[in-house]
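Chains as they are written, first to last, in the numbering used here: chain H, 1 to 190; chain R, 1 to 533.
There's no promise every hint is true.
Claimed, not checked - Calculated lysine-lysine pairs in the DSSO-like style (CA-CA distance at most 30 Å, straight line):
| no. | chain 1 | residue 1 | chain 2 | residue 2 |
| --- | --- | --- | --- | --- |
| 1 | H | Lys118 | H | Lys27 |
| 2 | R | Lys67 | R | Lys94 |
| 3 | H | Lys90 | R | Lys142 |
| 4 | R | Lys507 | R | Lys487 |
| 5 | R | Lys507 | H | Lys9 |
| 6 | R | Lys507 | R | Lys432 |
| 7 | R | Lys142 | R | Lys53 |
| 8 | H | Lys38 | R | Lys367 |
| 9 | H | Lys9 | R | Lys219 |
| 10 | R | Lys139 | H | Lys9 |
| 11 | R | Lys94 | H | Lys9 |
| 12 | R | Lys60 | R | Lys77 |
| 13 | H | Lys9 | R | Lys275 |
| 14 | H | Lys9 | R | Lys214 |
| 15 | H | Lys38 | R | Lys370 |
| 16 | R | Lys432 | R | Lys367 |
| 17 | H | Lys118 | H | Lys166 |
| 18 | R | Lys139 | H | Lys90 |
| 19 | R | Lys275 | R | Lys142 |
| 20 | R | Lys142 | H | Lys9 |
| 21 | R | Lys487 | R | Lys219 |
| 22 | R | Lys77 | R | Lys142 |
| 23 | H | Lys157 | H | Lys38 |
| 24 | R | Lys487 | H | Lys9 |
| 25 | H | Lys38 | H | Lys90 |
| 26 | R | Lys219 | R | Lys137 |
These aren't lab readings, by the way, just hints derived from the structure by calculation.
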Amino acid sequence: MSWQTLDRKSVPEGHLGPALSAAAQEKIRSFFPRYPTKRAVMLPALHIAQDELGYVSIQAMRDIAGLLEVPPAAVLDVVSFYTHFWTHPKGRKTIVLCRSLTCELLGSQALQTAIEQKLGIRDHETTADGEWSFMTEECLAACDYAPCLQINEKMHKCVRVEELDKLLADPQNDKLAMPRSDLYDRPVQA
Amino acid sequence: MPKIIIDGQEVACRENIPVLQAALEAGQDIPHYCYHPGLSIVASCRLCLMEMKMPDPRTKELVWVPKLFPSCQTPVKDGMEVRFNTERVRDNVKHVMEYYLLNHPLDCPVCDKAGECYLQDYTESGGPATSRMVEEKYKNPKKDIGPHTLLYQDRCVLCSRCVRFTDEIAGTGELKVINRGSRGEIDVFPGAPLANALQGNVVDLCPVGALLDKGFLFKQRVWLLKHAKSVSPVDSRGQTIWIDHNAEGIHRIRPRFNERVNEWWISDEARFGWKFIYRADRLSQPRTRNGTALAPVAWEALPDLLRSRIEQAAAGDGGARVAAVLSPMLSCEEAWLLAQFIRDLAPQATLVLGHVPVTGQDRCFPKGFKIMAEKCPNRRGIETVLAHFGGPQSTFAEFLGRAVEGQVAAAYVTAGYPEAWVDDRAVTALRKVPFLAVHDLFPSGLDASATVQIPAASWAEREGTFMNCDGLLQAFDRAIPPLEGVKPDGQFLFELAGGEGLFRSHKVRASVAAAVPALGDVFEPRPLPEHAH
Ligand code: SF4
Ligand code: FES
Ligand code: FES
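One chain only, chain H, in its complex shape:
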């Protein structure tokens, strides 16, 4: 497709996204004493950004690069390595469907089609109202209950296409706030 050219020299109009708040930046800085180098704070910093903004915006990556004193491309390198980090806005609730072997054999494909039709979005997309995002992942480590999916942090096992409506309406799905391990929020001991 070399007849098409992607311009990477500039940030496309409106793609910069929100910046990190002063509090988030301060929190990132508070991790510095725990590691031998600033660069090593990359993963905690990305978690903090994604927790605050719901995704890691281009501006947030720039902010992190500035804090960790690395080229911004080094942040993009890590962000893009992990599917966990989103580089575009993520919905309030995210459906993560297993795409590995056991689930595939027991019908995850049909589930994927049904979800995509119901919400009108494809893999790694977000509905226009910002309510739902959908993505597939490798093995969710619940093969004995295949096919399975997760909505935010809640695992749904042995899912059937007919149950989808009920699952999507499950009030437990809203319980997003799985507390982070206290490793993240514990104040650093001097």
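On the provided structure of chain H, position chain R with the ligands as indicated by the hints.
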């Protein structure tokens, strides 16, 4: 010096190099993408694998091990035995190459790299000739990643050479591998383009046609190019280069390996700093003042004219009011000839070190690559020539000072700078010189007062030696014929100084060296192994 056995042949190799490097230096063509002697070793492309003998844990006897080892990551050790010429090694190359071609677009007919592409070469020598893949290939758009460079993503083999270059040599880290596994791609951060002062090297480094130079894109097929050995005139470091050219002129400049100066790299200044040669306003005709205007004159008439006017100016005082300005753009040989010519006619003439352009500060990159602030190639060479000739000498500024006071009756000024160099001070000062000969590439403020204007040739149209800022003398060859109407500086000065026939820099150099051995001591970089890239 360790000795190792490669395919049954004993090979003496340098200390602490990888087996791959030793094999390449021994003349073997070992396929490799990710290994580059100037970069860290990642052993990720898996093309260079070899068989190796190791001690059997029970018998301690040396036996061939059933697995393959990356030769780029295995340092040589005295007495070790390895082999490449086996079925297992060839099989590995074949299958790895098949993977590389899975998603490759095979668009060699429109790819700039065709002819110097290691995907082509290794497929030809060891890969499968046909693809077994029936599925559709990944297709990616190309990426505009910087002012000079395009990334044809679908041709990339992810060797990560370009990434390691920006990390380790340039120290700027603009390029990274994004995504993971089979979706991996090279990319820049949006809005942070590849724009460091050494970035052009990634195009040479890329073993395939993924990173290409916008300026060279679709201009020439590489097999139509000839390569001239040269030395870049852009700064005082004397980066050694290849000038790729043909009958249509220069098409690109690439680094020429030099262990003492620029290693495998060159600065972008050196890479792109040749276009001035083709500026439309180049001087192409000698002219002399006829009344108020400069009128064309034949080259043949110049020597007598210059000789008689300088003799005239030197009459009586041995030439104390005569000066020759030796530009640091001249080669050592040219400077020598000019100094000789002037001192023959006017033994008391002042020899002046020409204007030395300086921009900014010296820049040093993480692994030691340097870009110098002094933007001329041969100040040290001119100084060496001046030291030999002795007698009255001055800096360019002092010379202007004397000229403005009317103490200069005749001056021969050489220049040849790619950038405009004449300021008001020089114009005012040199207006006071009754006989002024200006030997330069472009029109300048001096034209109004010049009695004789002599068109110069660029370094690519000349041959000779430059002495770099560390005193290293390096020779450059002529790449292209001079602009029509121009006589190369060396040839003209050779005739002026009384020489007959063709100017050949090595002959002049031999006679110069008899007087100043330092000017004959030319350094030649060690050639790279034929199959290294
Ligand atoms: S762009 Fe070229 S140099 Fe960079 S990783 Fe791809 S093949 Fe290697
Ligand atoms: S295969 Fe789906 S949870 Fe393991
Ligand atoms: S693995 Fe040795 S050259 Fe790439």
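| Taking only the CA atoms, is the gap from Lys142(R) to Lys53(R) under or equal to 30 Å? | 45 Å, violated
| request: Take a quick look at whether Lys38(H) and Lys367(R) sit within 30 Å of each other, Cα to Cα. | output: Since the Cα atoms of Lys38(H) and Lys367(R) sit roughly 22 Å apart, the hinted pair holds (cutoff 30 Å).
| said: For a C-alpha distance cap of 30 Å, please report whether Lys9(H) and Lys275(R) respect it. | reply: This hinted pair holds, its Cα atoms lying about 25 Å apart.
| field | Distance restraint between Lys118(H) and Lys166(H), which requires alpha-carbon spacing of 30 Å or less | value | Holds, at about 13 Å.
| said: Given the hinted pair Lys432(R) and Lys367(R), is their Cα-Cα distance within 30 Å? | reply: 50 Å, violated
| task | Take the C-alpha atoms of Lys9(H) and Lys214(R), compute the straight-line distance between them, and say whether it is at most 30 Å. | result | 14 Å, holds
| query | Going straight from one Cα to the other, do Lys94(R) and Lys9(H) come out at no more than 30 Å? | reply | Distance of about 37 Å is beyond 30 Å: violated.
| request: Assess, step by step, whether the Cα of Lys60(R) is no farther than 30 Å from the Cα of Lys77(R), and give holds or violated. | output: 17 Å, holds
| query | Given the hinted pair Lys507(R) and Lys487(R), is their alpha-carbon gap at most 30 Å? | reply | 19 Å, holds
| field | Straight-line alpha-carbon gap Lys139(R) to Lys9(H), limit 30 Å | value | 21 Å, holds
| When you check the alpha-carbon spacing of Lys90(H) and Lys142(R), does it fall within 30 Å? | 28 Å, holds
| query | Within 30 Å, alpha carbon to alpha carbon, are Lys487(R) and Lys9(H)? | reply | Violated: Lys487(R) and Lys9(H) sit about 44 Å apart, past 30 Å.
The structure shown violates the earlier hints numbered 1, 5, 6, 7, 11, 16, 22, 23 and 24.
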